[in-house]
Amino acid sequence: MKSDIIEKIGIPEDVNVDIDNRVVRASCGNNKIERVLFYPKISIVKEGDYIIIKSAMGTKREKRLIGSFSAHIKNMLKGIKSNYVYKVIACSSHFPMSIIIDKNEIVIKNFLGEKIPRKTKLIEGVSVNIEGNMIIIKGIDKEKVGQMAGKIELLTKVRGRDKRVFQDGCYITDKNGKLVK
Numbered sequence: 001m002k003s004d005i006i007e008k009i010g011i012p013e014d015v016n017v018d019i020d021n022r023v024v025r026a027s028c029g030n031n032k033i034e035r036v037l038f039y040p041k042i043s044i045v046k047e048g049d050y051i052i053i054k055s056a057m058g059t060k061r062e063k064r065l066i067g068s069f070s071a072h073i074k075n076m077l078k079g080i081k082s083n084y085v086y087k088v089i090a091c092s093s094h095f096p097m098s099i100i101i102d103k104n105e106i107v108i109k110n111f112l113g114e115k116i117p118r119k120t121k122l123i124e125g126v127s128v129n130i131e132g133n134m135i136i137i138k139g140i141d142k143e144k145v146g147q148m149a150g151k152i153e154l155l156t157k158v159r160g161r162d163k164r165v166f167q168d169g170c171y172i173t174d175k176n177g178k179l180v181k
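Oh and the sequence shown: position 132 is 132 in the numbering used here, straight run, nothing missing.
None of these hints come from the bench; they were simulated from the model. Hints should not be assumed to be uniformly reliable.
[To be verified] Quick list of in silico lysine-lysine cross-link-like pairs, PhoX-like style, CA-CA up to 20 angstroms:
#1 Lys32 to Lys138
#2 Lys178 to Lys87
#3 Lys2 to Lys60
Can you make the complete structure from the sequences, with help from the hints?
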C-alpha cells in the first residue's frame, strides 16, 4: 500500500546542518562531518530546527530507507556533540605482545611468538590511544570508529590453532559505554 512517509529529526542547538544536493553536512565547533544520502524517491530537507525525510507515495522499500537515513543522521548529530569511544583490550597469556602506533599504522609485535609484526593502517578521522593493554578509539563518525575497532580485532585473529587453547588477541570490550558480551 503506497502512502506518504515522513520522518522528523530534531537538530540540537549548537549544531549547524546544511543539506545541499543530497549531501548532509553537520558541524559543531571544529567537528565537521558529511554524508551522501541518495535515493530517487526520497527527499531530505531542513525546515527550521528539524530535518525532514519524506517520500510521496512510498512503498515498504522507501520506508526502510527512510529509517536507515534517519539512523545515519541521528548518528551524525550524536557524534558531532560527543565523540564515539570504543575500547579494545589486548590479551596475551604466554607470549607478551606489544602494540605500538607507528606513523599512520598500528603494529602488533610478538603475537603468538611470531617474528613478523602484524600491521594495519589507521582510518582517517579516528584517533587511537594505547593505555597499558587497552586500546581506546575515538572519533565523530560511528562507522569509522567501529571499522577501526573491527580491523584491530581481525588483525589478531588466531588461524590454524585451537581457539579454546590459544585465546590471545585483541577483543572489543566497550562500544560507546555499552559493554560487549
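Hint check results:
1. Lys32 to Lys138: Roughly 15 angstroms separates the two Cα atoms, so the pair holds.
2. Lys178 to Lys87: Measuring from Cα to Cα gives roughly 10 angstroms; hence the hint holds.
3. Lys2 to Lys60: Distance of about 8 angstroms is within 20 angstroms: holds.
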